[in-house]
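**Student:** Use the sequences and the hints to build the structure in full.
Chains A and B, in that order, are what the protein sequence lines are.
According to the numbering used here, the stretch in the first sequence is residues 1 to 342, in order.
According to the numbering used here, the stretch in the second sequence is residues 343 to 737, in order.
Everything labelled a hint here was simulated from the structure, so no lab data went into it.
Just so it is clear, the structure is predicted and the values come from calculations on it, not from any experiment.
Where is the CB? At the ideal position from N, CA and C, for every residue including glycine.
Careful, some of the hints might be misleading.
Some chain A residues judged to face chain B by a derived CB distance under 10 Å, without partners named [claimed, not checked]: (1) G70; (2) Q177; (3) E181; (4) Q229; (5) N243; (6) A257; (7) N264.
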Amino acid sequence: MKKFVKLLVSSALVAAMACGICACGGGTTPATQAPAPTDAPATEAPATEAPKTDALIKVGIINNDPNESGYRTANDRDMKATFTAENGYEASFFYSLKNEEQIAAAQKFIQDEVDYLLISAAGTSGWDGVLEQAQKAGIKVILFDRTIDADESLYEASIVSDMAKEGQQAVDWLASQGLSEYKIVHIQGVMGSSAQIGRSGALDEKVKAESTWSIVKQQTAEWSEETAQQIVQAVIDSGEKFNVIYAENDNMAKGAAAALDKANISHGVGKDVIIIGFDCNTWALEELLAGNWNYDGQCNPFQASYIDDIIKNGVKTKVVIMEEKGFDAKTITADDVKNYGI
Amino acid sequence: MTANEIKIKSGNSATAILGKIVRNQLFIPLVALLLLIAFNLITDPGFFKIALEPNSDGNMVLSGNLITMIDYASELVILAIGMTLVTSASGGQDISVGATIAIAGSTVLRIVKTQSPNISGAKFAGIIIVSFLLCVVVSAIFGAFNGALVAFFKIQPMVATLILFTAGRSIAAWINNNDNISITDKRFSYFGNFIPGISVPTPVFITILCLIIIAIILKVTNLRLYSQAVGINASSSRLNGINPKVIKLLTFVILGVCVAVCGFIKVSRTSSITYSVIANNIEMDAILAVALGGNNLGGGKFNLSASVLGAYVIQFLTTTLYKFKEIDSSSISAYKAVVVILLIIISSPFVRRWIDDMKNKREAARKGSADLAMAEAAVDSALNNIESETEKENV
Numbered sequence: 001m002k003k004f005v006k007l008l009v010s011s012a013l014v015a016a017m018a019c020g021i022c023a024c025g026g027g028t029t030p031a032t033q034a035p036a037p038t039d040a041p042a043t044e045a046p047a048t049e050a051p052k053t054d055a056l057i058k059v060g061i062i063n064n065d066p067n068e069s070g071y072r073t074a075n076d077r078d079m080k081a082t083f084t085a086e087n088g089y090e091a092s093f094f095y096s097l098k099n100e101e102q103i104a105a106a107q108k109f110i111q112d113e114v115d116y117l118l119i120s121a122a123g124t125s126g127w128d129g130v131l132e133q134a135q136k137a138g139i140k141v142i143l144f145d146r147t148i149d150a151d152e153s154l155y156e157a158s159i160v161s162d163m164a165k166e167g168q169q170a171v172d173w174l175a176s177q178g179l180s181e182y183k184i185v186h187i188q189g190v191m192g193s194s195a196q197i198g199r200s201g202a203l204d205e206k207v208k209a210e211s212t213w214s215i216v217k218q219q220t221a222e223w224s225e226e227t228a229q230q231i232v233q234a235v236i237d238s239g240e241k242f243n244v245i246y247a248e249n250d251n252m253a254k255g256a257a258a259a260l261d262k263a264n265i266s267h268g269v270g271k272d273v274i275i276i277g278f279d280c281n282t283w284a285l286e287e288l289l290a291g292n293w294n295y296d297g298q299c300n301p302f303q304a305s306y307i308d309d310i311i312k313n314g315v316k317t318k319v320v321i322m323e324e325k326g327f328d329a330k331t332i333t334a335d336d337v338k339n340y341g342i
Numbered sequence: 343m344t345a346n347e348i349k350i351k352s353g354n355s356a357t358a359i360l361g362k363i364v365r366n367q368l369f370i371p372l373v374a375l376l377l378l379i380a381f382n383l384i385t386d387p388g389f390f391k392i393a394l395e396p397n398s399d400g401n402m403v404l405s406g407n408l409i410t411m412i413d414y415a416s417e418l419v420i421l422a423i424g425m426t427l428v429t430s431a432s433g434g435q436d437i438s439v440g441a442t443i444a445i446a447g448s449t450v451l452r453i454v455k456t457q458s459p460n461i462s463g464a465k466f467a468g469i470i471i472v473s474f475l476l477c478v479v480v481s482a483i484f485g486a487f488n489g490a491l492v493a494f495f496k497i498q499p500m501v502a503t504l505i506l507f508t509a510g511r512s513i514a515a516w517i518n519n520n521d522n523i524s525i526t527d528k529r530f531s532y533f534g535n536f537i538p539g540i541s542v543p544t545p546v547f548i549t550i551l552c553l554i555i556i557a558i559i560l561k562v563t564n565l566r567l568y569s570q571a572v573g574i575n576a577s578s579s580r581l582n583g584i585n586p587k588v589i590k591l592l593t594f595v596i597l598g599v600c601v602a603v604c605g606f607i608k609v610s611r612t613s614s615i616t617y618s619v620i621a622n623n624i625e626m627d628a629i630l631a632v633a634l635g636g637n638n639l640g641g642g643k644f645n646l647s648a649s650v651l652g653a654y655v656i657q658f659l660t661t662t663l664y665k666f667k668e669i670d671s672s673s674i675s676a677y678k679a680v681v682v683i684l685l686i687i688i689s690s691p692f693v694r695r696w697i698d699d700m701k702n703k704r705e706a707a708r709k710g711s712a713d714l715a716m717a718e719a720a721v722d723s724a725l726n727n728i729e730s731e732t733e734k735e736n737v
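**Tutor:** Okay, here's the thing in structure tokens:
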């Protein structure tokens with residue numbers, strides 16, 4: 001009996017591990033999956049095995065965990081596709097959601113004498129020391145996606161999204177629809193995140209300024225579709241009327257749409273409720289193409305080409321704000337879905 | 343004197359019945375539920391309105407606050423079943439259920455996403471069954487992993503499950519290569535919403551099915567007795583021929599199966615998954631449901647229906663908070679916490695004992711006068727006896 005139980009347990013453990021390995025193997029980029037945050041300062045082997053020549057530019061890339069969100073996954077894939085040996089780079093990657101681990105990795109990259117240090121910082125503070133080290137060693141630093149609280153002279157350039165502008169674009173689009181009355185269900189992301197602050201800010205201001213705009217419900221679903229579905233369901237059950245859903249990412253918009261479907265409220269182009277989402281996931285743009293949603297705002301994860309341009313052609317402006325589009329269901333094309341979907 | 347006695351007796355039986363009700367484990371969650379309903383009714387008189395209306399598929403469905411709450415409580419109720427058993431046998435809680443729901447959901451989507459939306463009904467049913475069975479197997483294996491750490495390596499449940507709590511969502515993301523999936527086949531959403539022609543949400547049926555299955559298991563097997571015995575005293579139950587390790591492992595595997603069902607419902611609700619937030623913090627709600635049911639979180643005796651009722655109370659509270667426009671987004675967790683703290687304090691063994699003590703004291707005080715009379719009578723008779731005996735001696 002005891003032997004049998006031991007066998008059972010050991011086989012269960014083996015199976016569980018095998019499961020994990022299979023899952024890893026399923027990925028298209030198994031060698032470049034993010035390590036768990038716990039096995040910290042171990043940087044990954046250089047992604048390219050090309051012989052080291054003077055022509056290759058050495059870059060150390062410090063990013064957040066690609067599992068964090070679809071945005072980060074797309075961002076990481078873009079980086080890996082751009083910084084290749086064919087494009088003249090020798091890239092090393094490090095992933096962590098923890099600031100101090102990222103700083104330790106930056107120090108290691110400095111010791112390795114990389115030419116460029118590309119950083120998407122997990123936290124905004126604590127970077128001054130390591131950036132000064134980099135400057136002394138003659139290593140150029142480029143920030144992408146997120147800014148930090150450090151003196152501007154410590155880095156070459158920063159490439160960022162302007163979340164407030166994304167929100168403003170969406171609100172301007174909504175205003176251009178010319179509804180006689182705007183009754184909005186506003187589903188927010190994690191409170192205090194830069195995306196939430198930027199995207200909420202534009203809408204809040206507009207609602208304050210216009211008498212025909214009102215918020216029926218404003219609630220955080222913390223980026224979760226099921227919570228968004230519950231919130232919209234609660235509004236529907238309360239019997240209050242609304243004609244706009246302003247969800248701060250695609251997943252929450254999808255949850256909201258599921259609640260509307262359940263209650264027989266039509267949504268999309270020319271229907272009862274306008275649905276607005278953000279981030280431009282491929283499936284979300286397909287919803288737009290099918291006319292089920294009305295608008296999707298881009299949050300551009302493709303900073304690699306901007307960085308490439310800066311490294312090869314020099315710095316033009318210190319802070320580069322990326323161009324970000326907003327897609328209208330009436331004008332979106334299949335090519336847009338292919339080119340901008342993440 | 344006799345009339346007085348009867349009065350005391352009847353008074354005793356009335357308080358005894360009341361005491362029985364108050365002491366019943368279902369009492370606290372039931373009162374909490376009634377309070378929440380009363381609160382909702384005061385703020386919104388149309389609270390109980392249930393309507394039968396067609397949905398976007400032209401299907402007549404029930405809608406209304408109550409339906410919504412019962413519908414969305416499904417996952418929590420199913421989880422509470424497994425969590426109660428784990429709590430009973432191992433004296434600890436599994437905090438990895440949210441992360442393993444992500445794994446289970448991701449497994450289902452991995453199978454379903456490969457199919458085109460226009461396959462035939464039979465083929466689709468086959469794929470659903472295969473994906474569900476696979477997700478049950480995967481979840482049961484992860485449950486067994488937790489259970490093995492607890493049972494064989496004697497690691498505290500909360501520490502053992504911390505491993506998957508940390509790694510689970512990453513594993514879930516790996517399973518699907520971190521893709522942001524959206525299933526376009528409408529039939530996939532039947533399990534989280536409505537099946538055409540049936541006006542009650544499908545998760546409600548799934549929950550009822552789960553409850554029936556666990557009721558049968560507890561009825562026909564010794565699982566209840568064994569897990570309680572192991573939870574109360576593992577070494578003495580071992581001396582009585584129960585293998586505590588196997589029982590602990592078994593409860594974790596059962597929880598794994600519950601997790602699989604939850605994961606399946608969750609991904610079906612929206613036909614998509616966000617690995618980092620799916621079933622976010624659901625482990626806390628499930629543990630709360632067990633605690634709210636008045637079960638001892640240290641293991642041993644348990645009452646499954648109290649846990650289930652606790653789960654409904656938690657979901658009721660969550661949905662109530664979503665209803666209120668006045669509650670600010672950033673403070674919703676704080677409101678929930680305040681109510682939960684109150685409920686948990688009321689249902690804690692300490693307060694229950696205190697209530698009992700107060701009642702006993704009052705009864706003792708009331709009984710006091712009667713006892714005094716009886717004592718006097720006893721002294722009288724004793725004195726009489728002594729007198730008669732001394733008389734006899736004298737004779």
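**Student:** Let me make sure I understand: some of the numbered hints might not hold for this structure. Which ones are they, in numerical order?
**Tutor:** 2, 3 and 5
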